[in-house]
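Peer 1: Letter by letter, the chains look like this.
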Amino acid sequence: MGDTVRSESGIPLAASYGPEDVPGLQSIPRPGEFPFTRGNFPDGYRGRTWTIRQYSGFGTPEESNERYRYLLAQGGTGLSVALDLPTQCGYDSDHPDVEEEVGRVGVALDTLADAEILFDDIPLDAISTSFTINGTAAILLAFYVAVGEKQGVERSKLRGTIQNDILKEYVSRGTWIWPPRPSLRLIADTIEFCAQEVPRFNAISVAGAHFRDAGANAAQEMAFTLMDGITYCDEVMARGRMTIDEFAPQVSFFFYTHGDFFEEIAKYRAGRRRWAHIVRERYGAKDDRSCMFRVGCVAGGASLYAPQAQNNIVRVAYEALASVLGGVQSMFTAAWDEPFALPSEDSATLALRTQQVLAYETGVARVADPLGGSYYVEALTDEMEARVAEIMDDLERRGGMVKAVEEGHLQRLISEEAFRVQQAIASGERAIVGVNQFETDEDPPEVEGYEMDEKGRIRQLERLAEVKRSRSAADVGATLAALGKAAAQDDVNLMPLLVDCAKAYCTVGEMVDVLKDEWGEFQQPAVF
Amino acid sequence: MSLPVRVLVAKPGLDGHDRGAKLVARTLRDAGFEVIYTGIRQRPEAIASVALQEDVQIVGLSILSGAHVALTQKTADALRAAGADDVRLVVGGTIPKRDVPRLEAAGAAAVYPTGTPLEELVESMRALSATEGGRSARG
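So the sequence lines, in the order shown, correspond to chains A and B.
Numbers 1 to 528, taken from the numbering used here, label the letters of the first sequence in order.
Numbers 1 to 139, taken from the numbering used here, label the letters of the second sequence in order.
Each hint should be verified, as a subset may be incorrect.
[Stated by the list, open to error] EDC-like mimics (lysine to aspartate or glutamate), calculated; alpha carbons at most 20 Å apart, straight line:
| # | chain 1 | residue 1 | chain 2 | residue 2 |
| --- | --- | --- | --- | --- |
| 1 | B | 97 | A | 149 |
| 2 | A | 150 | A | 94 |
| 3 | A | 286 | A | 346 |
| 4 | B | 97 | A | 442 |
| 5 | A | 455 | A | 443 |
| 6 | A | 485 | A | 466 |
| 7 | B | 97 | A | 245 |
| 8 | A | 157 | A | 120 |
| 9 | B | 97 | A | 443 |
| 10 | A | 468 | A | 441 |
| 11 | A | 503 | A | 521 |
| 12 | A | 503 | A | 245 |
What the hints contain is simulated information worked out from the structure, not anything from laboratory work.
This one's a predicted model, so the numbers in the text were calculated from it and none came from an experiment.
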């Protein structure tokens, strides 16, 4: 790379920037104006500060319910539900292959009975809930709608998000179940269902975060994510039943904010502008609100390191600041001890306080897009957008995202970049404090971590057995049969049928298996 | 010249985070090992059967889900049941310090928690393949 100074994603940087680097500087639209480079809202965070949303959930529904009520009492303004891997991959807690994973990285949900406990005493009309769920997203949405019904909350008052982004699962996160085509159909079903029945619920959160954590750089993260967004919108539009303005406001996005401060800010600004143009030009949106790029983010992830682990507190704080200057709508700040285990209550609380200090003490949220008009930030935004567009064009030319995923092309691009970064760290070209600079010889910290309680798993298995005993076998059989029949037809929306299954206390695994019978399973290309 | 050491990099259980597994696979390949990667979400029995078919000396598990003790035990059992007791088992991932002895008791010949430098891992695996118990005399 010679002596050129570059950003983390490889953008060459001048020593300083001036007006000549930003054509059209005088006419950049203000915050709240199309194409929203400077933010979605004219008053920035004044009208509504970003949602502080800490990812949390583990063990049994009872334990998670307790943690949620604690987080809400501490001033959290939304829930973010972590599900265990069996629930994410479509296995029930009593499946013989998954016993060691039950309740481990999130909460185990087998049936509606678990969801009722999870949200016990939490008014679903007063909070918003985000589910990091993909393969089984439609089923979890069915649970949420059914719990709302039990609480007497109308569908129109439910607020939240399901991640529901399967394409990146095939590439980097791994909780796929069915092949891409039927999975896209189910996602389009949820988008339609939300638009018509649950209008304040985001049917999809197109996630670049996992590309990023798997190794993609900031430009790739944004480009791959926008391509996924296009793939989902194309799928819905191809049905010809809805206009873009009827569902685009319920599509949101999700990213990691890593350590290159200005590049991250530029990434969010460039993403907003690119998406606004895509929605208007590709899909003919008439309503500017459809063109808004709604973004949640995580500060942390693969930008955190094990050596001198408390340095992670500082990293997360800077990343959180970059996220806010980039104009995100919600944020999760990771705990410093996450390289070792699930966070303790202390470290999770400190991560929450990091955002509260930022939101309520520093004053950075007082004025919309405070960096707007900075020669450097505007030039970097332009360059980032150009690179994102270039990567997207290349993927389109190769036949789109589904093809890139099935062929393993995307997986290869990401592994390449991960390897490059690893080498840059090993050679010292990329400085990481405590890792290749200012190292100290110290033992890893004793972290409290979370020890899965065997009793919790047994209670979960007992409840599942009890639900299976007490539910109506006839209802289960009938609703599952109806689901299977509808899955074989392309033009039936499966969501109402999944809600019926949920209310009949069918298990996640039963619903998944019925659909597997129709659709088969994804076969992964194992490339490195 | 000795034959290159054959290694199976494997992801047992449902955890899909494979950045580490792929980096290790690639690093080992560049260091002269012959590397096979299983992909994610493999059952321990399937890992044992690939290990046998591919005649590897070392199986490296990558686990970031917290289920490392149970999955290491299951893979060690599966290797034994398949008659591949001479294959060395190593484990890496999000592993707290206190679990290292438990993994060794479960059958791990070496453990590489988050933060292990890659060159250290390569050296350790070279040393393992040179010691008794590795498949030095394959046909």
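Peer 1: Please go over all the hints and tell whether each is borne out by the structure.
Peer 2: Quick rundown of the hints versus the structure:
At roughly 46 Å between alpha-carbon atoms, residue 97 of chain B and residue 149 of chain A are farther apart than 20 Å, so this suggested pair is violated. Note on residue 150 of chain A and residue 94 of chain A: the hinted pairing is violated, with a Cα-Cα distance of about 26 Å set against a maximum of 20 Å. Note on residue 286 of chain A and residue 346 of chain A: the hinted pairing is violated, with a Cα-Cα distance of about 48 Å set against a maximum of 20 Å. Restraint check for residue 97 of chain B and residue 442 of chain A: satisfied, since their Cα atoms lie roughly 13 Å apart, inside the 20 Å limit.
A C-alpha spacing of about 32 Å is found between residue 455 of chain A and residue 443 of chain A, which places the hinted pair above 20 Å, so the restraint is violated. Proximity of residue 485 of chain A to residue 466 of chain A is assessed by CA-CA distance (about 28 Å); at most 20 Å being required, the pair is judged violated. Between residue 97 of chain B and residue 245 of chain A the CA atoms are separated by roughly 52 Å; this puts the pair beyond 20 Å, and the hint is violated. With a C-alpha separation of about 17 Å, the suggested pairing of residue 157 of chain A with residue 120 of chain A holds against the 20 Å cut-off.
Proposed proximity of residue 97 of chain B and residue 443 of chain A is supported: the alpha carbons are some 9 Å apart, at most 20 Å. Taken as a hint, the residue 468 of chain A and residue 441 of chain A pair is broken in the structure, with Cα atoms around 54 Å apart against an allowance of 20 Å. The straight-line distance between the Cα atoms of residue 503 of chain A and residue 521 of chain A is roughly 26 Å, outside the 20 Å bound, and the hint therefore fails. For the proposed pair residue 503 of chain A and residue 245 of chain A, the alpha carbon gap of about 31 Å is over 20 Å, so the pair is violated.
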